[in-house]
Structures are given as structure tokens and as C-alpha cells.
Amino acid sequence: MNLFRTSLSIWLWLLASYSFIFLVSANDGNDMYHNDLYARGNGSSSSHTNNWAVLVCSSRYWFNYRHMANALGMYRTVKRLGIPDSNIILMLADDAACNSRNKFPASVYANPGRHLDLYGENIEVDYRGYEVTVENFLRVLTGRLDESIPRSKRLLTDRNSNIFVYMTGHGGKEFLKFQDNEEISAHDIADAFEQMWQGGRYNEIFFMIDTCQANTMYSQFYSPNILATGASLEGENSYSHENDNDVGVSVIDSYTHYVLQYMERVNKTSKLTMGDLFTSFSVPKIGSHPGVRSDLFQRPLGGGDAMLKYGTGEGWRELGEWVGREQEPLKVRQAQTGERRAALVTDFFGGVVDVDIGEDTDQVESSASEVKQPAIKGSPKPPQRTRQTLPRNPGLPKGLPSVRAWASFLLIGVIVSAVYVQR
Amino acid sequence: MDGPRNPSTIFFQYERIRRSIIASYWIVIILAIPLWWQTTSIERLSLPSSEVYAQAEAHRGFQLPVRIILDSEFTKRDNSLALEVQTVLKDSSALDIRVSGSSGRSEGDSYLVLPSESQEIRVEGRELFFPLEKASASVLAKTLASFILPDKDHRVVQYSPRYRLSFSLLNEDSSGGQVVEAWDASNGIARHIEPITSALSVLHNFTIESQAQFYAPLAFEPLKLSEDEAYGLTPEQLTVFVNSAEWTLSSSSSNDPVLHFLLFVPSASRRPLKILNKEGKPTNSNSFLIPQWGGIVIANLPESPSKIRLSTDDLKSSFTTFSQQLLTLLGVPRLSSGAVRSRQQPTGWQIDALLRYRAIENVVRTSDTLRSTVSLVEQIPNMPVGEKVRNDVRDALKALKSLSSSSNMTLTGILATSRDALTLSQKAFFHPGMLALLYFPVEHKYAVYTPLFASAIIPLVVAAMREVVAWRKQRRGVQVPQG
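In order, the protein sequence lines correspond to chains A and B. Start counting the first sequence at 1; every next residue gets the next number (full-length UniProt numbering). Start counting the second sequence at 1; every next residue gets the next number (full-length UniProt numbering).
These aren't lab readings, by the way, just hints derived from the structure by calculation. Just to be clear, a hint being listed does not mean it is correct.
The calculated DSBU-like cross-link candidates involving lysine-lysine, where the alpha carbons are at most 30 Å apart (straight line), are [unchecked claim]:
id : chain 1 : residue 1 : chain 2 : residue 2
1  : B       : LYS76     : B       : LYS90
2  : A       : LYS285    : A       : LYS177
3  : B       : LYS224    : A       : LYS268
4  : B       : LYS427    : B       : LYS398
5  : A       : LYS268    : B       : LYS90
6  : B       : LYS142    : B       : LYS224
7  : B       : LYS152    : B       : LYS76
8  : B       : LYS281    : A       : LYS153
9  : B       : LYS388    : B       : LYS398
10 : B       : LYS388    : B       : LYS401
11 : B       : LYS278    : B       : LYS90
12 : A       : LYS285    : A       : LYS268
13 : B       : LYS278    : B       : LYS224
14 : B       : LYS90     : B       : LYS134
15 : B       : LYS445    : A       : LYS173
16 : B       : LYS401    : A       : LYS268
17 : B       : LYS427    : B       : LYS90
18 : B       : LYS134    : B       : LYS224
19 : A       : LYS177    : A       : LYS103
20 : B       : LYS152    : B       : LYS445
21 : A       : LYS177    : A       : LYS153
22 : A       : LYS153    : B       : LYS278
23 : A       : LYS285    : A       : LYS271
24 : B       : LYS427    : B       : LYS152
25 : A       : LYS177    : B       : LYS445
26 : A       : LYS103    : A       : LYS285
27 : B       : LYS281    : A       : LYS271
28 : A       : LYS309    : A       : LYS285
29 : A       : LYS271    : B       : LYS388
30 : B       : LYS152    : B       : LYS134
31 : B       : LYS307    : B       : LYS152
32 : A       : LYS271    : B       : LYS278
33 : A       : LYS271    : B       : LYS224
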């Protein structure tokens, strides 16, 4: 049976690859016009014309204050950098600002001094409270919403859209909890992204996640043009950054805090690259080991030599996790010959890329001339740590889950037969 | 009391009753299995996959007929001109192009190339006036190619049956001395925009809205130019010109794509506001276009008076620019240089070219969407496929087939069919029922089912086994005395 199945799948695979080759060659041969007219954006140039953001805080309750602050901090940043509210989908339990335990009603702060009220005056939460569900999140991404859903709750992207997806909450290996009620797995997000790609719903995606074992959440992606980063390795917790004694809980997570701090250096016309952002990650400060995944992404990340040495230096036990490290030198060479432009932070956070003043304006080549290393503000006092996760799940080698499943099945059989034999 | 009672004297331990109790449990379980199966399985109707893949192959052979008739004046000068032009055109496009010499009669859908009296190339409806002396095969072919099928342009918006056009008058800061109180937008739209929208009504359905705002600050400081009292916008600043955080540009009442047109009045203290080129020198242009988004015109008005109403005449140049931007955004092909536009803005040639472009685009998008739908359903085993989805896929396929089989459709009919096919395929792909159920690894299933069922099933299994064993023993016991 097993042999039969294996050979069948091999045959199917061969057939599929054959037909694919056939399709491609047929395509090459006779129809240059269609290829040209409808070529998908392959990231060779910045072909996006609009920016979108999906920001998800998947926790609720007062003690998860910091997750709401994370999402609101990102919201503030993407808005400041030019993504309009109509293009931001904010999913938030939103029970912190008006919580009866909140000593500062209608405010959410992300720093102990309470300098900046993130709740401000112009917040548009699109999915609130119990609307923050796995189903709604997947529906927003894939566009499979009921006709009655209003425009503000829809991700109306097309194949020229760059999307920034930010998630925060409690999670574990390959899952993220939604409001203590359900979970989304890495497979679900990967499948949703594939459906978006097939449906022509994005040009490029930048996926960022701050949760425990965050890097496992992007491990299942398989669709093109996705750049991903996470806060912590498999089997590792992500930590909160600081407490505010008056608010009484942790106010922000460490990884998000340092990302936001870096983003404060970015303005709308900034030429800072994604590589610059990634190289700014400091393990001693963040407390966990952030990861990057760029093997699905076409363009180089920029950041120069510092990026090529990503994951070395202070705080890194071993070479940091960067899936796609090997492809990077090739991408960098292509960038030098002008084929591909390095990914800028503003490609995912900013507004449009180019305008047309009668005659075509060429792309201004990026020169990372701005500040590369953020100066460290304040005293480097070690941040207070709060555990943020469910019990950790030790990494299992591939194939073990099914062995375990069969073992449990056998066990039941053994128990039943033991009873039988005893009779 | 004399110890525990003999079980066989308890009424529910009578053999028959005990066995029927155990049996009734099992009957309930066995009867419930189909119900459980029914409620936990996903409805996955089979989609016509092979047809979809075959159609995806077939659409590459999809050709739209184009008939061009050269006037006898041309063929008189050069007998083989028609054939040569056809050869050149065939090389460059996927259309079924036939060029012929004049046969004295003109068919309904064909395009005429007539000799021009003057040196200029002129377009009038479906007629092209071309100077006889210039008419070599390559020049004629090049001119015709631009009329027949436009090139791909990244500025053109994706096709949608409906668009909303939003016209906004933005005073940067009306407290700064001068305020444009009102503008005669309805007249401007009637004069400059409606001719286009009505000419393109076969392609799109337009909804138009307009507004005026009195405070629309920029998110950056324009450069102060040193040489004269002027301010400039660098190309980089143009990309972040639209301050969408603070400007409310369109109502969100529908899901149709919006094309924005902004008339921006800089505050009195920042005039004139000029657009700079890459070298930092001011250009003569006062407008720019954001691909697939809309167009912006900067109006540097004279300083006085302090309150202005913009009349139709004042708005003439702005709305002319808007109309040009609208044409660009919708993908109406530009007439190549040297061609003089006729009185009617988009000529028959241009509209036909756009119809062809959109029809081919729709056919390609439809078959792509269908293929994606089918391959996703194959790829994701948990994805439900309901009856509506299947019907939509079938109908879209039918529409595509009718396109490739019928040769006597008008161009408008072809577009309408391709649009229906696209809408249906999109409806199938984005059907709310097509949401894959959550991914559950095998461990999760065990984790869910074991605590629920194992505790109940094991005693039942064991009880059944004991009963069977007892029954067999009993039978043997009965049989032994007999033997």
C-alpha cells in the first residue's frame, strides 16, 4: 500500500513537472506579447503603487496591555510614514484603553514615562474585541469576505500592492493564540499568503511577528516575494521591555520597542534599507534572537557588509537565523548591475514610489547616506523580563509527530488487548 | 446480611437485559458515525480542472480580428503595400490583423486609411488620414500599431467595471490670506470629463464626486528656491505629496476603485509652488500623475483678492489636465506624435484599441483566476468547494469558450462577455465559502479526540469483549454436555 502510494506520488510529481516545463516552453515560443503585457511584478524594480498594512494584536485582557501597545505603536508608525487609515487594517482587542483598571483612561502608553499617548485622537480600529478571530484575519487576507462588509474592513489590494503584516500576541512553535480561544498555525498563514499570491493580491509582503518562538511562524511560507522577520528562535521566549509602575503592567515588548525606536529615524523620503533595520537588532538589548527570512524575497536587503555578517557579534551564541543568507551575495551583485534595487524600509511603510511629471522620471538610486546605527538613548539598564509564553515545546525532528501518533494508537491497542488477555 | 448478592439475581444483570444495554450503546454509536462523518467532512465538489487547464492553453491562441482597408490611392502607388504592412504588424502583436486594398466598399467594423490632403496625420472616427508621400510600409505600420493595441503602461489602473472619480479642491491653508471658497466643478466635469466618461461607458460605469477642503497641510516643507521668490517640490517630495493621514479624499461608501484628482492651492505664503526636475531646476509643468492612483494639479493663483470663486474659465486648464490624466489612467492609447486629434476626444480608433486591450486583459486574468482556483483547491485539501463556486467556475468557462468560438461578435460584445467571465471567476475565487478550515496537525486531532472519546470507548470495548467471551464460553458449556 505504502509502496503503491509512494510510486503514485512520484508519478504525479513527474507529470506535474513535465507539464510545467511544457507550459513554460510553450509560453516562451509563441506569445511574447502576453508575457510582456501581463508579466507579474518580480521585484526587479519597485513596481508597487500602493502600500497596505495589516496589524494584529491577538491578545486580550488587561495584563496583555503591552501587546495592544505593540500594535498601536506600529499603527502610529505606519501612519506617520504615509499609509492612510483606509489602507490600514487594525485588529485589536482594544480592552486596554477603557479598562476599569486603567489609571489613565482612554490612553495607551508604550513607555514608563508615559510621554506619548498611542491612543491619541485619531485611531481607527477596524476589527475590535471579539471580532479579532482567526477566521476574520484569514478572510481579510484572502479577500473572502461577505458582500456586506464595509470598505474599511477590507484589504483591497491588487498585484501592485506592498503589504506589511504585523502580528503580536502569545504563541508557541508554529502557532499564535487568538484571545485565549483559538490558534492560528504557521500553515494557515502560509496558505493564506499563497491564496493571496494566486489571487493577485500583493506585489511584496513584509511579515513581522513579535511573540515567543516567533521565527517558527514564518517557517512554512512558500509563496514568492515575502520578506519575514521574527522576534525569537524556536524554543525561545520573547520578552517584554519595561513596566510602568503607575499603569502596573508591562507596557511594551522588547523587540517591538527597538524596531519602533529604529523606525523613529525613518522619514517618508528616507533611504534606509531593510538590511539597516535588521542590523540594528541587538541581542543583549532585545533579550532574544531575532530571525530573518529572505529566501522567498527577490531583492537584496541592503545594509552592506554589516548585513552580510548578520547574526554575529555580541549576544549571538551561534550564527543568527537568516534563511536566505546564501542567496544574498548574488542579489547584491544584481543590485550593483542595476537589475534590482535594495529593499527600502519605506517600500513597505511609505506611500507611493514614483510619480509622472509628463516625462518619466527615473528611479533615484538608493544611497544609504543616513544614520545607520541608532544612537542608544538613556542608560543601558537591563530590561525587566516577564515571561510571555506558554510552556515551550522542545523541537522535534521531522517525521516524529507521525511516529508519535502511531505510537499512541498502538498504546491504546496494547491496553485493550491487555485487558482482554487478563480475562 | 449474607454477603454480596448474587449478580445473576439483580434484574439488570439478567443476561438478556445486560446484553441489550451494551448493544444499545453500540447501536447508538454506529448510527451516529454517519452523522459525525457528515458534520465533520467538508463539501468539496469537483471542479472542471482539465477544462480549466485546457482553456488556459487555448486563451493563448485567442485572437481578435482587426480589418484595415487601405485606400486605392495607396495601393496604386505601391501594389504590395497592404501585404507588407500586414507582415510588419503581424510580427508585433497577437491580434488577427488583415490589411487589404480598397475593394470599393467599407465593412462596418473595418478601419480606413485615406490619403491626407496636408502633411499631417489625422484621425477622424475610424478613419486615418495619412499623407501619400510618407506611406512606406514601416512608417504606416508603426503608426497603425499604436492605434490598434496600446503598450503596457504601469500607470494604467487594473480593469474594473466600475470606478469612482473623486475631484477635490484643496486649500493648503485658507487662514494664510487667501481662500478659494468654491469652484465650478460640476461645469468643469460636464465640459471636460463627461465626454470621456460617456465615450468609455461601454467599458466602465463611472460615479463622480467632488469636494472642497479649506485646510490641507503638506507633511513636509517645500524647498525655498534661492534665485526667485518661489518654492519647489523635489521629485522625492512629489512621491509623498499626498498627505493621506490628514486629507480625507474620498468617501468610503462603496468598494469600487477610486481615481483621485486634486486641485491643490498652495497657501499664500508659499507661492508660486513649482515642480522641480531631478537637477533641482523648476519645470514648466504644474501637474503630476501618481500611477494607478490619480492626478494632481497645483494652482498658483494671483495673491488677490482674498476670496475667490473659481469659474469654469479659471478651471479650464486644470480640468484639461485632469481629462488627460484620466485618459492616461484608464489606458486610452496616446496618438503617436504628429497625429492631430480630432474634435472628439477619444476617437473610435482609441476606444477600439482600449476595448481590445481590456478584452485581452480580462481573458488572461479570467483564465489565470480559474487556474489559480483549481490549483488551490488541489493544493489545500481542507478547502471547501460549494455549489455556487462550481457554478461560477462553469459559467466563467462557458463565457471564455463562447469568446474563442464565435467570430462574429462585435468588439463591445467581446468586452462584455470577457467582463462577465472575469466577474464570475473573481466571484468564485473570492467566495466567502472558500475559506480553508484551520490546519490541524495529527497530534491536535489526537489531543482533541482522545480525552473526549477514549474514556468512553475503552469501557464499552472492554464490556463488549467480555460479553462476547462469556457468550462463547456459555455456548461451549452448553455444547459439551450435548457431545
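| query | Which of the listed hints are broken here? | reply | Structure breaks hints 5, 6, 7, 8, 11, 16, 17, 18, 20, 22, 29, 31.
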